[in-house]
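Chemist: The lines below spell out each chain.
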Amino acid sequence: MTMPRETIVQAVNDALHTEMAADDRTLVFGEDVARSGGVFRATDGLLEAFGEERVRDTPLSEIAIVGAAVGLATHGYRPVVEIQFSGFLPPAFDQLVSNASRIRWRTRGRLTAPMVVRTPYGAGVRALEHHSESLEAAYAHVPGLKVAIPSTPADAKGLLTSAIRDPDPVLFMEPKRVYRSFREEVPDGEHAVPLGEAAVRREGADVTVVSWGAMMHPTLEAVDELGVDAEVVDLRSISPLDRETLLASVRKTGRCVVVHEAAKSGGFGAEVAATVAEDALLYLEAPIRRVTGFDVPVPLLSMEDYYPPQPPRIAAAIEETAEF
Amino acid sequence: MDGKPTSRPSPRTNAAAGVEHLSQADLRVETHQVVTAEGTVDEARVPDLADAQFRDLYRWLVLQRTFDERATKLQRRGQLGTYASGRGQEASIVGSAFALADDDWIFPAGREAAALLMHGVSMRDLLLYWRGVEDASRMEGANVFGVAIAIGSQMPMVTGKAWGMQLAGDDAVAVGYFGDGATSTGAFHEGVNFAGVLEVPAVFYCQNNQYAISLPFAEQTGADTVAQKALAYGVDGIRVDGNDVLAVYNAVSTARARAREGRPVLVESVTYRRGAHTTSDDPTRYREEEEVESWAARDPLDRYRTFLGHRDLLDGVDEVAVREEVDAMFDEAVAAADDYPLRDVDEIFVHLYEELTPELARQMEWYRDFLDDHPEMDEYVHQRERG
Ligand SMILES: Cc1ncc(C[n+]2csc(CCOP(=O)(O)OP(=O)(O)O)c2C)c(N)n1
Ligand SMILES: [Mg+2]
Chain A
1 MTMPRETIVQ
11 AVNDALHTEM
21 AADDRTLVFG
31 EDVARSGGVF
41 RATDGLLEAF
51 GEERVRDTPL
61 SEIAIVGAAV
71 GLATHGYRPV
81 VEIQFSGFLP
91 PAFDQLVSNA
101 SRIRWRTRGR
111 LTAPMVVRTP
121 YGAGVRALEH
131 HSESLEAAYA
141 HVPGLKVAIP
151 STPADAKGLL
161 TSAIRDPDPV
171 LFMEPKRVYR
181 SFREEVPDGE
191 HAVPLGEAAV
201 RREGADVTVV
211 SWGAMMHPTL
221 EAVDELGVDA
231 EVVDLRSISP
241 LDRETLLASV
251 RKTGRCVVVH
261 EAAKSGGFGA
271 EVAATVAEDA
281 LLYLEAPIRR
291 VTGFDVPVPL
301 LSMEDYYPPQ
311 PPRIAAAIEE
321 TAEF
Chain B
1 MDGKPTSRPS
11 PRTNAAAGVE
21 HLSQADLRVE
31 THQVVTAEGT
41 VDEARVPDLA
51 DAQFRDLYRW
61 LVLQRTFDER
71 ATKLQRRGQL
81 GTYASGRGQE
91 ASIVGSAFAL
101 ADDDWIFPAG
111 REAAALLMHG
121 VSMRDLLLYW
131 RGVEDASRME
141 GANVFGVAIA
151 IGSQMPMVTG
161 KAWGMQLAGD
171 DAVAVGYFGD
181 GATSTGAFHE
191 GVNFAGVLEV
201 PAVFYCQNNQ
211 YAISLPFAEQ
221 TGADTVAQKA
231 LAYGVDGIRV
241 DGNDVLAVYN
251 AVSTARARAR
261 EGRPVLVESV
271 TYRRGAHTTS
281 DDPTRYREEE
291 EVESWAARDP
301 LDRYRTFLGH
311 RDLLDGVDEV
321 AVREEVDAMF
331 DEAVAAADDY
341 PLRDVDEIFV
351 HLYEELTPEL
361 ARQMEWYRDF
371 LDDHPEMDEY
381 VHQRERG
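Protein chains in written order, with the numbering used here: chain A, 1 to 324; chain B, 1 to 387.
Calculated from the structure, these hints are not laboratory results. Computed from a predicted structure; not experimentally measured. Some clues are possibly wrong.
[As the list claims (entries may be wrong)] Far from chain B by the CB rule (all over 12 Å, computed), these chain A residues: (1) D24; (2) G196; (3) V228; (4) D305.
[What the hints assert, rightly or not] Pairwise CB distance ranges, derived in the manner of DEER restraints: (5) A:M3 x B:E359: 44 to 50 Å; (6) B:Q24 x A:P194: 32 to 38 Å; (7) B:R45 x A:D23: 55 to 61 Å.
Beta carbons: idealized from backbone N, C-alpha and C, even for Gly.
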C-alpha cells in the first residue's frame with residue numbers, strides 16, 4: 001500500500017475526498033468551502049470532484065449551517081459541515097445543545113443526527129480576535145455530542161473518517177496551529193481510527209503526560225528535552241474519553257500531568273484529573289498537575305505567544321511532578 | 001365520533017381563489033444617487049455643503065484609499081497583522097461617517113478606517129489595533145465600540161446602545177457598520193427586529209460590497225436587496241449607490257434624522273470590494289478579473305472628482321498635496337506605533353474584571369515569577385510590537 005506524506009490539513013482533505021467517494025449520502029457545506037476550497041483549503045477540490053449538490057457554500061450563518069445539518073442528518077444524509085473558526089461556533093452552540101446532541105434521545109432513537117462539525121481551533125496563527133479559541137471542554141460537557149481532536153495527519157484522516165461514519169454527532173476540532181507544520185505518512189484510501197481510543201505516543205515509567213491536539217507538540221518537545229522517562233498519552237477524542245488507557249498509564253507511573261491550551265478553570269484537564277483521582281488515587285505519588293492557558297481570553301497577536309503552554313512551562317511541571 | 005377526522009383531501013397543486021402572496025417582485029426599491037456613474041449630476045439632490053466641506057470630503061476619500069494602500073504594504077513587510085482594506089468602498093465609508101456627529105456611537109466592522117479617524121480615533125491607534133495591541137481597542141477619544149470580528153454580533157448591541165441613549169436623553173444615534181454577509185446572521189435579524197419594537201435611535205448601515213469572502217451577494221440571500229429586509233422588521237429601509245459619496249451622505253443624514261425621532265433605519269450602501277477580502281485572501285479563486293475591472297470603472301474617487309470639476313471646485317484641491325499630506329500623517333502614525341512601549345505580562349490578565357479574582361491574581365503572580373526564573377522562555381514568547 002502506498003503511503004502518501006500529508007500535512008494535517010491535507011489529511012483532512014483526503015478523508016473528505018475518500019468518504020465522499022465511499023458514501024454518496026455525505027454532503028459538505030459551510031462558508032467558503034466550495035468555490036474557494038475553504039479558507040485553509042481543507043475542502044479543496046471537493047466541488048470539482050462531487051458537484052454543487054453535495055458541496056455547497058452557505059450564507060454567513062453558523063446557526064443555519066449546524067441546524068440544517070441536523071435536519072439533513074435526520075433525513076438520511078451525512079452532513080460534514082465546516083465552521084470557519086471555532087471562535088464562530090458559539091451562536092450555533094444552541095443547535096448543538098438543543099438539537100444535534102439530543103434528537104436521538106428526544107425521539108427515543110427514531111430520529112438521529114449522524115453529522116460532523118469540523119472546525120479549526122486554537123491560537124498560534126496570528127489572526128484577529130475570535131480566531132484562537134479552544135473551547136473543547138464546553139462541547140465535551142454536552143451529553144450526546146462526541147468531540148475528537150487529532151494531533152497528527154494520520155489521526156486527522158482516521159478520526160475524521162470515524163466521525164463521518166459515526167451514527168451520532170461529532171465535533172471535530174482541527175489544530176490549525178500545526179495544520180501545515182509537518183508531514184507524515186498517511187494510509188492511502190479508507191482509513192479509520194476509532195473514536196474513544198487514546199494513543200500512547202511514547203512509553204515511559206516515571207510520569208504520565210496527557211494532552212491532545214495542538215498541545216501534543218510542545219508536550220513532546222518538552223519531554224524530549226527532559227531526561228525524564230515520561231509516558232505521553234494523546235487522548236485523540238475527549239468525548240468519549242478513553243479511561244482505560246489513561247488509568248492504566250497513571251497506575252503504572254503514579255504521576256500525572258495534563259497539558260491543554262484552553263483556560264485552566266473548567267478546562268478538560270479538570271475532567272482528566274478527576275477521572276484519575278476517582279479511579280487511580282491510591283496509585284498517585286504526586287499531586288496531579290495541569291499546564292494550561294490562563295483564565296483569560298486568548299490575547300491578540302502582539303501578546304498571543306504568552307498564552308498557551310510553551311515547552312519550558314510543560315517541562316517545569318513534568319520535572320516537579322517527577323521529582324515530587 | 002371516535003375523534004378521528006375522516007380523511008384529508010389530496011393536497012391541491014394550485015392556489016385557492018383570493019389568496020394573494022406577497023412577493024419581492026412587487027417591491028419598488030429605489031437606489032438613491034446624486035452623481036451617476038456616467039457623471040451626470042442631479043442638482044436638486046446635491047447636499048447643502050460649503051465648498052470647503054465638498055473639498056474636505058475629497059480629502060477623506062484620498063485618506064481612506066491611501067490608508068488602505070499603505071496598511072496593506074505594511075502588512076506585506078511583516079509590520080502589521082492581517083488587514084482588511086476598504087478599497088472600492090471609499091465613498092461608502094466616508095460619506096456615511098461625514099453624516100454623523102461626535103456624540104453618535106459607531107460600531108465598526110473593520111474596513112472603515114476613515115470613518116473611525118473622522119470620529120476621533122488616532123491613526124496610531126488604528127495601526128496598533130491591526131498590530132494586535134489590545135490597548136488600541138479602547139478607541140480612546142472617540143465614541144467607537146470594539147471592532148466586531150464576530151460577524152453580525154454587534155447588531156443587538158447597537159440596539160441596546162441606542163436604547164440606552166434614548167433612556168439617557170442623548171441627542172445622538174448608534175450606528176452599526178456591517179457587510180452583506182452579516183445580514184444572514186441571527187444576531188442581525190434579532191437586533192434589527194428588536195430596534196423596530198423599541199423605536200430607538202439606531203442606524204444599521206450595511207455596506208453591501210457584493211461578497212462575503214468568496215460568496216457573492218446573490219448566494220447570500222434570496223432577497224433582491226438588503227434594504228427591503230427593513231420592512232420585515234418594521235423599520236425603514238434606504239438603498240443608496242455606495243460609490244456616490246454625496247448620495248451616501250444624503251442617505252445616512254436622512255437615516256440619522258429619522259433615527260433621532262425613534263425610527264430605526266436600515267441603510268444598504270451598494271458598493272464593491274475591489275481588493276482581496278483581507279491580506280490572507282486570494283480572490284482569483286472565486287471571481288473574474290473582468291468583474292473587478294467593471295467596478296474599477298465606477299471608481300468612487302473618479303466619480304467625485306467629476307462632481308468637483310462640475311462645480312469648479314477642483315482648483316482648490318491639490319491632488320499631489322493631499323496625497324503627500326496623508327502620506328506624512330501615515331508615516332507619523334507608523335513612527336508613533338513603533339514607539340509604543342512593550343507591555344508587561346500583566347497586560348494579558350488585567351482588564352478582565354474590575355478586580356482581579358484571587359485565582360487570576362495567583363496565575364499572574366506565578367507567571368511573572370516563572371518568566372523571571374526561566375530566561376529560555378524568550379525563545380517561545382515574542383512580543384510582536386510590529387504585528
Ligand atoms: C460569525 C462569523 N463567521 C465567520 C467569520 C469569518 N469571516 C470573516 S469576514 C467574513 C465575511 C464577511 O462578509 P461581509 O459581512 O459581507 O463583510 P465584508 O468582509 O464583505 O466587509 C467571514 C465569513 C466571522 N468573522 N464571523
Ligand atoms: Mg461583504
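Chemist: Can you give the numbers of the hints that this structure goes against, from lowest to highest?
Modeler: 4 and 6
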